[in-house]
Structures are given as C-alpha cells and as structure tokens.
Amino acid sequence: MVDVSNSKGGTVLVSIQPVSSDLLPPQPNIEEGWDIVAEDGGAQTDEPTTPRAERKEIQDKEKEDHYGFIVRPGDDQLHYDATDDAKKVREREQKWLKMITNWKDWSDNKSTRLKERCRKGIPDSLRGRAWMLLSGANELMEQNAGVFEELVSREDNDVVIHVIDKDLARTFPSHVLFAEKGSQGQRDLRLVLKAYAFYNEKTGYCQAMAPVAATLLMHMPANQAFWCLVQICEQYLPGYYSPGLHAFQIDALILKDLLAKQLPVVAQFLDSKLPPTNPNEVHKGLDPVLYCTEWFMSIFSRSLPWRSVLRVWDMFFFEGVKVLFKVALAIMSLSFSKPKQREECPGFFEVTQKLRNLPLSVTHEGILLPEILRFPIHNQELKKFHFQQADVHFSEERARIMEMQARRSQARKSFSTLSEATSEGPD
Amino acid sequence: MARATDKKYDHLFQLLLCGDSSVGKTCLISRFADNEFRHTHINTIGIDFKLKLFTIRDKKIRMQIWDTAGQERYETLTAQYYRKAQGIILVYDITREETFRNVTKWLRNIEDHGVKGVKIILIGNKVDLESERKISTRHGQKLANQHNIKFFETSAWKDINVTEAFTELAEQILAKVESGGGRDRGSSSIRESAIKLHEQQPTPATKSHGGCCSGGSSN
Chain A
1 MVDVSNSKGG
11 TVLVSIQPVS
21 SDLLPPQPNI
31 EEGWDIVAED
41 GGAQTDEPTT
51 PRAERKEIQD
61 KEKEDHYGFI
71 VRPGDDQLHY
81 DATDDAKKVR
91 EREQKWLKMI
101 TNWKDWSDNK
111 STRLKERCRK
121 GIPDSLRGRA
131 WMLLSGANEL
141 MEQNAGVFEE
151 LVSREDNDVV
161 IHVIDKDLAR
171 TFPSHVLFAE
181 KGSQGQRDLR
191 LVLKAYAFYN
201 EKTGYCQAMA
211 PVAATLLMHM
221 PANQAFWCLV
231 QICEQYLPGY
241 YSPGLHAFQI
251 DALILKDLLA
261 KQLPVVAQFL
271 DSKLPPTNPN
281 EVHKGLDPVL
291 YCTEWFMSIF
301 SRSLPWRSVL
311 RVWDMFFFEG
321 VKVLFKVALA
331 IMSLSFSKPK
341 QREECPGFFE
351 VTQKLRNLPL
361 SVTHEGILLP
371 EILRFPIHNQ
381 ELKKFHFQQA
391 DVHFSEERAR
401 IMEMQARRSQ
411 ARKSFSTLSE
421 ATSEGPD
Chain B
1 MARATDKKYD
11 HLFQLLLCGD
21 SSVGKTCLIS
31 RFADNEFRHT
41 HINTIGIDFK
51 LKLFTIRDKK
61 IRMQIWDTAG
71 QERYETLTAQ
81 YYRKAQGIIL
91 VYDITREETF
101 RNVTKWLRNI
111 EDHGVKGVKI
121 ILIGNKVDLE
131 SERKISTRHG
141 QKLANQHNIK
151 FFETSAWKDI
161 NVTEAFTELA
171 EQILAKVESG
181 GGRDRGSSSI
191 RESAIKLHEQ
201 QPTPATKSHG
211 GCCSGGSSN
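Chains A and B are the protein sequences, given in the same order.
Positions 1 to 427 (the UniProt record's numbering) are the ones given, in order, by the first sequence.
Positions 1 to 219 (the UniProt record's numbering) are the ones given, in order, by the second sequence.
Note that these hints are calculated values from the structure, not bench results.
These numbers come from a predicted model, not from an experiment.
Do not take every clue at face value.
Calculated lysine-lysine pairs in the DSSO-like style (CA-CA distance at most 27 Å, straight line) [what the hints assert, rightly or not]: (1) B:Lys50 to A:Lys166; (2) A:Lys104 to A:Lys120; (3) A:Lys181 to B:Lys158; (4) A:Lys354 to B:Lys158.
Could you build all of it, start to finish, from the sequences and the hints given here?
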C-alpha cells in the first residue's frame, strides 16, 4: 500500500537551484576593466566558453536525480552525492508506517518522540503523507471535501492568474515536474495557486508561494498540496504572504534580535558591513531583509541543497516558524563564527554574496542539521521579541499581531507540539 | 582579480531596476553585469543586487545594481532601496500592454520613495519578440518625452541596447556628479551626507515629475 520504490538508498545527486539550460556564448566585453561579479561564480565560469559540440555532450550527460531534479555536471556546490543506508531507511519506514496508522495516539501522547523523529528526517516514501498529518491538512481536507474542486472550477481572475501564469515556468525549472511548459506539474501548480487565491482573496497570490506549493507538489497530489499550502499560509506563517508582508517583516527584525542575543560576535560583524554608500546614514545595521527574504518566504526551498531542504521542512511541519529562525542562526554561525571566515568577507558585498551562495560546508545536511539543533528558541522568547518588534515598528498593528500569535498557538496545539524542547507550554 | 572592496574606482553609483513582474529586470542585469542570458530562471523574491565595474570617459565606475521583485506587495521591502538609488531603470515589456500602462504607477512610486532629482530611464524590453509587440516604439518614446526621461528599447536575450541603456544612465549620473550636483541628494555627495535622505523625500501628494531628470540634461 505504500510506495517505497524510490527509497532504496543508493547514490543520489541532489540539486537545489535551477541551472541555466541555454547560455549564450560570451559577447566581447565593453570597455570596463575587470568584472567583479564573476569572482564568486566558480561553478559556471567555464560554461560560456564551451564549444557547441562539447555542450551537446554535456547536455547528453544531464540526468535526473533521486528527487527529480535535472542535474548537470559542474555545479559542485549545488549538488552532492549522498548514500542512504538501505537498512536504516527500511527501519525508519517501518517506524513511520506504524506512527501513521496510529496517528492520533502519537500526536496526542507521544509528541516528544514524534518531534525527535521529525528531526531525524521522514523517509522519502512517506514524506507527503507525514506532512499532511503533521500540518493538520489531512483533517482539513476531510472536513472540506469538494472545496478544492469548486475553487479550481471558478472562472479565472485575470489579474491574479496572469501573475501566476508568468511564474509557472520560473518555479523550479530544473525539476522534471516543472521543466516543460504545460507539463502536469505546471498545470497542478497553477491550480493550487489559483485555488488559494480564491480561498483567501485578501492574501491572493504572493510570488513566494510558488516554490512552496511546488515543493509540496513534488510529494503529493494537487488537492492535498492545496490544503497543505492553506495550513502553511494560514497557520504556520500567517501574514507572511499578505499584501503588506507584515508578519515576515516582523520576523526579519526578530531574527536580528535573536542574532544579537545568541551570536553577538557575528551580529556585530554583520552590522559593521553596511552598504558602502551610506556611512553617515542613521542605520540599524545590515538589513536582514537582504538575506532572509528568500530564506523565510520560500521556507529555504530555494536556498539549500535539496536533502537539507527536506530535513528543514520535516522539522518545520512539527515545530513551526521557530525552525526558520534556527536554520538562519545555524547558517550564520557556520558562516561567520571563525575569525578567518569574517576576514574573508571584508565588505558588505562579500557578506551578502556569501549568504546568497552558501557553500556546502554550511548547507550540507550533515553539517547544517546538527548546528540547527544547537539553537534552542523558546516560544516565550519568540513571543516577547515579537511584541517588542511590533511595538517599535508596527505598533498600530498590535491587535493584528496578537491575533497572529493566537493563531500560531492554536496551530501548535492542533499539531501536537505541546511538548517543546524547552518544556514550555505552547504560547 | 580585484576584490570588490578595493577602492580602485572613482565613483560608486547605485542603480535600481523596477517594473512589473516578468518584464525582464533580472535578465537585463545579468546581461549587463555578467553578459549572460538564461532561458530558465527563477522569479526574484524580495531584493537582490549585483556589482559591475564600468568605465566611462576614463572614469572607473563601480555600479551597485539593485534588482527588485516586481509584485506590488514587495514594495514594502524595496521602498528603502529607492532612497539609496541615484539612477532608476524602469522596465516594461513591449509585448504586454498592462506592463506599459503601469509605467505611470511605477513613476509615482519613484516619486514617493526615491530621492529628489534621481535620474530615470525608461526601457521597453523584449524587442526580440517583435511579432508579439503590443506597444509601439512611438508610444514608448512619447511617454518618456512626457516625463522628460530617456527611452530605450532593448533585448536582454539578443543583447540589444542593454549596455547603451545602462551607459546612458551612468553618464547622466556622472554628469550630475561632475557638475557638482551637491545640492541634489543622492549624487556623489552621498559620501558626505546621506543621512537625511529618508527624511526629505517628496510627499506622496506631489504631482509633478519635473524633478525626475533635472531639466532633462542627459549628460
């Protein structure tokens, strides 16, 4: 009854970012002296000079990885070999199968163990089902039978659907599901995003939803992906995708507070790296929006190697928004804790570029995941920071924030996160 | 290779690209900064930037080019970067009417959030899709004239006019800097006094665009 065909272990290649399918040969450069931008481009610098015949050969070498990404040679920092121990995978599958069949008991009574198992990673073959259960989307879908079908049958809202259509080809274009124009994956993505835009007309469609929905579609059919997206947008990250992006903006500021508290040296270092033109401007340090917008809004789906993305999502579905902060702190810690690492980034440009092109020495699941667990974040603390930031920056919206907190807390309750690592009750 | 922080340049210019979603902002920057074009690419979430070193009239210019997400709701994140920009490239897609209609809206945004006297140019992108063209060159030019700004039609894919457009904007900023445009915040004097940029932006109610181009001087 459960398809385990794609979890046999074995060597897999992992990709995180779309790769260009068609680079034109380089044109003669204009009269500038030297080109800084190429400096950290490492992985693809050889490509434009490759002769046509050779390029054809490289294209022939493209292959689909374990997760459906089309992998091309040369992206060392984006793909890595990983071998799963087949025996371990099988054992984990057995455990998860048992949990899934006794879900209520597990979510009601054994949430600490459930959390631990999410942290260890959900087996690939059961991930979609586990995400549905962890998020509460399963229940929601059962209670709302026929709603998704009704939403997608509605006549397109031109304004919204137009933006969605433009993004279909720009969402994981290197994944087999979404690579082809008009493919099943693109059609499903369109349906899910359209349905959500009708489901919550106030929020409508936000561009960062596309990679989130696409990640879900890699694991489940469209109607399930829709209800999972609903839970993410309404319960896990309420207000993130709304027209003002208020909740995200508050969280970006909270990240700054958490950095200052948990990694003071790194925080100080980051704040000394200002955009070079504004030395006298009244500033509050490096704007977290510059690096964490894509991280948070796409739940890291565009910023990490795929195996790390999945591990982060496994944790996220159990522990909620705090995982975003933990991952961000782990990245910062791994990137800038050593004096040498800080010396390598003398300026604003190097810092932001490093954070936008994270090396495997930071993002590899074997390195990143243990680091994530080093940063306990107390719900109470998160709440306190939330109100502080709301007071300072969005005081007029306090009422809304409180509502958001209430919803998050409600979400935690219903997703069985009663027992936190910090042994606090849900806030 | 030169490090980005080496002070081997005469001027540092901050440019920003804005315009509707999917008009080709990121592709224009990639073409200009890296001389590359990708047929498969991803949408911009939030804000990004690239650096480009560039020489005009023997002056080495270090350009910091900010790329913004086109969807309206991201304006709340990108607004503060308008304030830092000395030059803004407003892009529409010649094959999509609504992106042209929205140019006026984007100009209003620039007025609301940008520095007074910021240099602006208008770009109609995707001229490689001539058969799908909806906005004539004449229309684009007319709109640019109305607002006293320079106009280019470009193709990031075919590399048509991209360098020319960026060069023109850089020339305008350089001219302003060299003529000692100290009065205009956002010019070369940013090194001394950028402090009050955000306090002195024009009120949203202002209607005139006269300040956009400093009397239309192009270089």
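To see whether the hints hold, each was checked on the structure:
| no. | hint | verdict |
| --- | --- | --- |
| 1 | B:Lys50 to A:Lys166 | holds (24 Å) |
| 2 | A:Lys104 to A:Lys120 | holds (21 Å) |
| 3 | A:Lys181 to B:Lys158 | holds (22 Å) |
| 4 | A:Lys354 to B:Lys158 | violated (30 Å) |
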